[in-house]
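Kindly produce the complete structure, drawing on both the sequences and the hints.
Heads up, the sequence shown stops at 448 in my numbering, and the numbers go up one at a time, no gaps.
Be aware that a few hints might be false.
Unchecked claim - Each pair of labels, with its calculated beta carbon distance range:
hint : residue 1 : residue 2 : range
1    : Asp321    : Asn132    : 16 to 26 Å
2    : Thr420    : Pro340    : 29 to 39 Å
3    : Gln186    : Pro340    : 56 to 66 Å
4    : Lys92     : Val384    : 51 to 61 Å
5    : Glu277    : Thr94     : 43 to 53 Å
6    : Ser220    : Asp320    : 31 to 41 Å
7    : Thr181    : Asn132    : 26 to 36 Å
Honestly, the hints are just simulated from the structure, not real lab data.
Being a predicted model, the structure only gives us computed values, none of them experimental.
Backbone N, C-alpha and C define an ideal beta-carbon position, used for all residues, glycine too.
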Amino acid sequence: MNKNFLKYTLLTCIVALIFVSCEKDIDTPPQRDIADGFLLDISDLRQLFNDSGTYKFTEDFNIYATVTADNVSGNFYKNVFIQDSTDALNMRTVANGGLYEGDRIRVNLNGAIISEYAGMLQLDSVDVDTQVVIQANQEYLEPTTITLDQIDPTVQAQLVRIENVEFVDSDLGQTYADAVNEQSENRFIQDCNGNQVILRTSGFASFAADQVPGRNGTITAIVGQFNDDMQLFIRDTDDLEFQDLRCDGSTGEYLFFKNFEDENLTSGGFSQQVVVGSDTWFVDDFGGNFFAKVTNFNGSSNDPSEVWYISPALDLTSLNSPSLSFMTMMNYAGPQLETYVSTDYGSVMDVENATWSPLQANYSPGGWEETVSGAIDLTPYSSTETYVAWRYTGSSSDGSTWELDNIAVFDN
37 MNKNFLKYTL LTCIVALIFV SCEKDIDTPP QRDIADGFLL DISDLRQLFN
87 DSGTYKFTED FNIYATVTAD NVSGNFYKNV FIQDSTDALN MRTVANGGLY
137 EGDRIRVNLN GAIISEYAGM LQLDSVDVDT QVVIQANQEY LEPTTITLDQ
187 IDPTVQAQLV RIENVEFVDS DLGQTYADAV NEQSENRFIQ DCNGNQVILR
237 TSGFASFAAD QVPGRNGTIT AIVGQFNDDM QLFIRDTDDL EFQDLRCDGS
287 TGEYLFFKNF EDENLTSGGF SQQVVVGSDT WFVDDFGGNF FAKVTNFNGS
337 SNDPSEVWYI SPALDLTSLN SPSLSFMTMM NYAGPQLETY VSTDYGSVMD
387 VENATWSPLQ ANYSPGGWEE TVSGAIDLTP YSSTETYVAW RYTGSSSDGS
437 TWELDNIAVF DN
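Right under this line is the structure:
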């Protein structure tokens with residue numbers, strides 16, 4: 037591309053703004069003059085990419101915009117979202133921080149790159165220290181109210197508000213992301229008509245370990261896109277106001293729920309400890325249904341084994357009658373899977389030095405028969421840090437294969 041292409045194209049468009057081209061309103065007030073170059077808006081940048089593809093600015097063009105999302109919560113590393121009266125854009129910065137929601141800014145585009153990543157338009161390589169001037173603070177933009185089925189590429193990067201939505205049933209009790217392994221995860225928001233969209237959260241977000249709310253309500257979010265998937269990103273949990281009954285009339289208030297459909301053993305704060313041998317819990321599936329699984333069979337024989345699968349700390353004090361339930365499937369001869377509860381594990385983080393009390397439950401009798409444990413009363417163990425764990429054992433002469441699914445803690 038000729039290095040003067042952008043200059044001449046935009047000069048032509050700016051002149052045409054005054055007349056009839058570029059489809060701007062003829063009554064629009066004249067653009068403000070700034071010393072560093074011509075003024076563009078975000079819709080011009082989108083049109084530039086549509087016309088020319090990836091482009092690096094080598095001259096002093098500028099845009100004015102307002103920051104709608106920053107990285108204070110850790111959910112947008114080296115990313116901020118900006119919006120003006122024409123459109124919105126993801127702006128990737130060379131360093132983290134320096135801009136905050138509500139900042140009204142001028143960005144000098146010289147050196148920046150307009151490009152696309154997996155369908156998401158971005159203004160890349162912006163140095164906040166040398167290319168951005170903050171003109172005002174706390175000038176917050178109001179989100180645009182839309183419905184879930186209106187989320188498409190035309191509202192990409194915009195701050196939106198969506199009413200009467202909730203997390204899908206399979207996400208109830210889950211955390212926003214995997215804070216333990218700092219892995220981003222998807223949850224799903226739905227409306228009462230069955231429309232769904234992904235809510236994407238970074239494992240580095242300050243709220244990654246928080247459980248998603250069970251009720252129905254309003255979400256304010258940034259619209260993202262990854263290839264053909266539309267996504268939402270929240271700035272922090274204040275962006276969710278879920279206080280109403282769900283579409284089915286329920287509260288959806290599990291304290292904790294894990295069904296392994298995210299194919300992640302440790303999401304939600306779970307962990308495991310090996311005491312004997314080297315066998316570990318892992319995620320497996322059958323017919324598309326995912327679960328935790330453990331076995332001491334190495335392909336030809338059994339190995340001596342003891343391995344624990346441990347819940348995150350559970351604050352049971354808000355529940356009147358805290359209860360636990362789960363489902364097991366088992367096959368082959370070997371010791372019974374055991375379930376325990378502890379209120380001091382958090383102080384030692386060592387299964388052998390913590391105090392564990394056994395819990396009575398219904399278990400699969402074998403043949404891969406699915407068996408629900410029943411509601412197990414946790415009231416005697418109510419604390420701000422209660423842990424539940426499953427202990428698997430096997431020997432060199434025997435060992436069952438156990439599968440664990442649908443772990444729920446709730447108010448019974």
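A quick look at each hint next to the structure:
1. Asp321 to Asn132: 16 to 26 Å: Violated - the Cβ-Cβ distance for Asp321 and Asn132, about 37 Å, lies outside 16 to 26 Å.
2. Thr420 to Pro340: 29 to 39 Å: holds, 36 Å
3. Gln186 to Pro340: 56 to 66 Å: Cβ of Gln186 to Cβ of Pro340: about 58 Å, so the range 56 to 66 Å holds.
4. Lys92 to Val384: 51 to 61 Å: 55 Å Cβ-Cβ, so the 51 to 61 Å window holds.
5. Glu277 to Thr94: 43 to 53 Å: The hint (43 to 53 Å, Cβ to Cβ) holds, given that Glu277 and Thr94 are roughly 45 Å apart.
6. Ser220 to Asp320: 31 to 41 Å: Roughly 23 Å apart at Cβ, these two residues miss the hinted range, so it is violated.
7. Thr181 to Asn132: 26 to 36 Å: The hint (26 to 36 Å, Cβ to Cβ) holds, given that Thr181 and Asn132 are roughly 31 Å apart.
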